[in-house]
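Engineer: Protein chains in written order, with my numbering: chain A, 1 to 227; chain B, 1 to 227; chain C, 1 to 262.
Read the hints as simulated data drawn from the structure, not as lab findings.
Warning: the hint list may mix true and false statements.
[What the hints assert, rightly or not] Counterexamples of contact, computed for chain B against chain C with all Cβ distances above 12 Å: (1) 27; (2) 71; (3) 74.
[Stated by the list, open to error] Capping the alpha-carbon separation at 30 Å, the derived lysine-lysine pairs in DSS-like fashion look like this: (4) B/106 to A/48; (5) B/80 to A/99; (6) A/188 to A/106; (7) A/69 to B/99; (8) A/69 to B/69; (9) A/106 to A/80.
Glycine included, every Cβ here is placed at the ideal spot set by N, Cα and C.
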Amino acid sequence: MSEDIENAGETGDGSQTAESLFEAPPIAEQERMCEAILFASAEPVSIKEMEARMPHGCDAAEAMVHLRKRYEGRGVRVVKVGDAWAIRTAPDLGFLMQKETVETRKLSRAAIETLAIIAYHQPVTRAEIEEIRGVSVSRGTVDQLLEMEWIRFGRRRMTPGRPVTFVVTQEFLDHFGLESARDLPGLKELRSAGLLENRPPPGAMPQVGDGEDSEEDDEDQSEMFEE
Amino acid sequence: MSEDIENAGETGDGSQTAESLFEAPPIAEQERMCEAILFASAEPVSIKEMEARMPHGCDAAEAMVHLRKRYEGRGVRVVKVGDAWAIRTAPDLGFLMQKETVETRKLSRAAIETLAIIAYHQPVTRAEIEEIRGVSVSRGTVDQLLEMEWIRFGRRRMTPGRPVTFVVTQEFLDHFGLESARDLPGLKELRSAGLLENRPPPGAMPQVGDGEDSEEDDEDQSEMFEE
Amino acid sequence: MAEDDFETETTVTSVSDRMAAEALIVDVDGFEGPLDALLTLSRTQKVDLRKVSVLQLAQQYLAFVDRAKQLRIELAADYLVMAAWLAFLKSRLLLPPDPEEEGPSGEELAAHLAFQLERLQAMREHAARLMARDQMGRDFFVRGVPEDVQRVKKVTYTATLLDLMQGYARIRTKDEFRPYVMDRDAVFTLEQALERMRPLIGFAGTWTDISTYLPEEFAGDPARIRSATASTFAASLELVKEGRAEIRQSETFAPIELRRKD
Chain A
1 MSEDIENAGE TGDGSQTAES LFEAPPIAEQ ERMCEAILFA SAEPVSIKEM EARMPHGCDA
61 AEAMVHLRKR YEGRGVRVVK VGDAWAIRTA PDLGFLMQKE TVETRKLSRA AIETLAIIAY
121 HQPVTRAEIE EIRGVSVSRG TVDQLLEMEW IRFGRRRMTP GRPVTFVVTQ EFLDHFGLES
181 ARDLPGLKEL RSAGLLENRP PPGAMPQVGD GEDSEEDDED QSEMFEE
Chain B
1 MSEDIENAGE TGDGSQTAES LFEAPPIAEQ ERMCEAILFA SAEPVSIKEM EARMPHGCDA
61 AEAMVHLRKR YEGRGVRVVK VGDAWAIRTA PDLGFLMQKE TVETRKLSRA AIETLAIIAY
121 HQPVTRAEIE EIRGVSVSRG TVDQLLEMEW IRFGRRRMTP GRPVTFVVTQ EFLDHFGLES
181 ARDLPGLKEL RSAGLLENRP PPGAMPQVGD GEDSEEDDED QSEMFEE
Chain C
1 MAEDDFETET TVTSVSDRMA AEALIVDVDG FEGPLDALLT LSRTQKVDLR KVSVLQLAQQ
61 YLAFVDRAKQ LRIELAADYL VMAAWLAFLK SRLLLPPDPE EEGPSGEELA AHLAFQLERL
121 QAMREHAARL MARDQMGRDF FVRGVPEDVQ RVKKVTYTAT LLDLMQGYAR IRTKDEFRPY
181 VMDRDAVFTL EQALERMRPL IGFAGTWTDI STYLPEEFAG DPARIRSATA STFAASLELV
241 KEGRAEIRQS ETFAPIELRR KD
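Same shape as in the complex, but just chain A (with noise of 0.2 Å):
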């Protein structure tokens, strides 16, 4: 069965068209080959990934139904993470594992609202951030989240200044066991009671910044004060 599988990969660059050669192989074995990519990885693989490791022709993706129903209540789940699988044990038998548990790094009280506001609010400017914590953001703070790679700078904004923007990642949600940002605890409650807009300040309120000497902060000012 193995040669078949290998061979049948074989022709993957071979023959290009639509009905390779030899057939994709069954449907059951595609889901053992999903089964042991995802156990060999710690880190979420993508469909896209583990078609490019199995065989041609294969249906990572219809493969990975079967494989998630077949785990469900086990001891260990499969779990999506953005545009990825894994496997992960079952959070209630987090007590078996005391030996594997990893002291993660005591986040400050600015971090993990700035961790929040990221995710809740993505894709966020610092200036927005600010904004929403009436309190400038250390550099520290945003290094700290980068470094974790729980964060990541997103697409510029294309307002004046085009500043920078923040998201989070797949290691986010990997991490907090979150199929996408739209499983955020609470979001669709924050959306309907309107704390997720960005509400433009009415005129004359104090900005972030005010006493200091932030460049953004005054432009935006100005420009206010000119409206």
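Knowing the structure of chain A, use the given hints to seat chains B and C on it.
Structural biologist: Quick look at chains B and C alone, frame taken from chain A:
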């Protein structure tokens, strides 16, 4: 941890064994625990060690019998390593743990020129190639072309030293869509196709007979060809 | 600011509020900015943030700042900016609206402040909810023995027929240029030959091999001989055409001879 153990024990209905105040979790639950432990552990885990981690009264050996059976024929297997247990990739799926990346690079100028000389002058010796190119041919270049199976050794030349000759292969002809090396366009055709740069290097005398071919024409021609 | 002023400022606040406000001052370094201080102060109102009395909050904050000043606690500039703004807001809220005045009303400003406080509070709560989730490495775990995926890098080289032909053309072109570029001094031009022969032809009364007209400096080197022979021959024909000489060759490849035409 102690709390968890007690909670797990609470499922018991009071029928006490001699060893434990509380009944051990059902065997299916124990199987889940073994599964999670083996999954997350960096090293194979012995029965003793599993039981030390599991709630009091668990029978890891029995749970392992079930777990092992469950993984029969799956993408990963439960294997015994010494007196410990581990989860490993099924041997027939080892090929999935390789990721082949194919990178296509343009052949170097030296290799192209060497190849061209062999194609136009075959059978040709290394000394002849060097004479035509005006520089020595590195071993690596020839080896590369041999490895690509675009050239092969021809007959030895019946001259002193009996040097080997090089000829192009069928693979070469296939790659370049040629029926035979004789189909390669001659110098004249190359020139009319604008492939021969008639423009002399700066400072050189204009070529006799090229008087009509102004430089502009040459440029037009090469541009035309490139399109 | 005098103690009794403080009293009049805070007549609306209860004793417990004042105690809370004093506790806040001890803690002033613990605040993450004026908004955080306001949020903490608002808790003393024990109401839904949406119903918070911004006026009361402004008074509480101003009292808090005054108290900090009395205790000679250095407040960051941010706190003072907020205090100034809240004093301004307070006057707007208390005085009847001035129709001449541009800009947002006191109520609008107060509403936005309430929104900011509610939003900050919500983000705090949700940050807590996020951190309360099962976390990797604490509640659930990754594979203990991940297998490295061996990267097998395969490099394939390609070239097109055009590359091949251009490569060849490049080499051949280099060859063709070589004589012209490198051996320029080996060229004996038609003009040079004519210049040399015009005076000499006058002395050629008898048939003479044209090779004798070759310049001495062009002897020896085959390439130079070739060039000189060709141009001398061409020059001879030119002289014949001009009617100044006669030319003959007895048979193919025999010497070409030249003599003066009188």
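Engineer: When you check the alpha-carbon spacing of residue 69 of chain A and residue 69 of chain B, does it fall within 30 Å?
Structural biologist: With a Cα-Cα distance of about 18 Å, the restraint between residue 69 of chain A and residue 69 of chain B holds, given a limit of 30 Å.
Engineer: Does the structure keep residue 106 of chain A and residue 80 of chain A at a Cα separation of 30 Å or less?
Structural biologist: At roughly 26 Å apart (the allowed maximum being 30 Å), residue 80 of chain A and residue 106 of chain A satisfy the hint.
Engineer: Hinted pair, alpha-carbon criterion (30 Å max): residue 80 of chain B, residue 99 of chain A. Please report holds or violated.
Structural biologist: holds (21 Å)
Engineer: Residue 106 of chain B and residue 48 of chain A: Cα distance at most 30 Å?
Structural biologist: Holds - the C-alpha atoms of residue 48 of chain A and residue 106 of chain B are around 27 Å apart, at most 30 Å.
Engineer: Looking at residue 27 of chain B again, its CB stays over 12 Å from all of chain C?
Structural biologist: Label holds. Min Cβ-Cβ 22 Å, cutoff 12 Å.
Engineer: Within 30 Å, alpha carbon to alpha carbon, are residue 188 of chain A and residue 106 of chain A?
Structural biologist: OK: residue 188 of chain A and residue 106 of chain A at ~28 Å, within 30 Å.
Engineer: Would the non-interface assignment of residue 74 of chain B survive a Cβ cutoff of 12 Å against chain C?
Structural biologist: At roughly 15 Å from the nearest Cβ of chain C, residue 74 of chain B sits farther out than 12 Å, so the non-interface label holds.
Engineer: Could you grab the alpha-carbon distance between residue 69 of chain A and residue 99 of chain B and see if it respects the 30 Å cut-off?
Structural biologist: holds (27 Å)
Engineer: Against chain C, does residue 71 of chain B keep a CB gap of more than 12 Å to every residue?
Structural biologist: holds (15 Å)
Hint compliance for this structure: no hint is broken.
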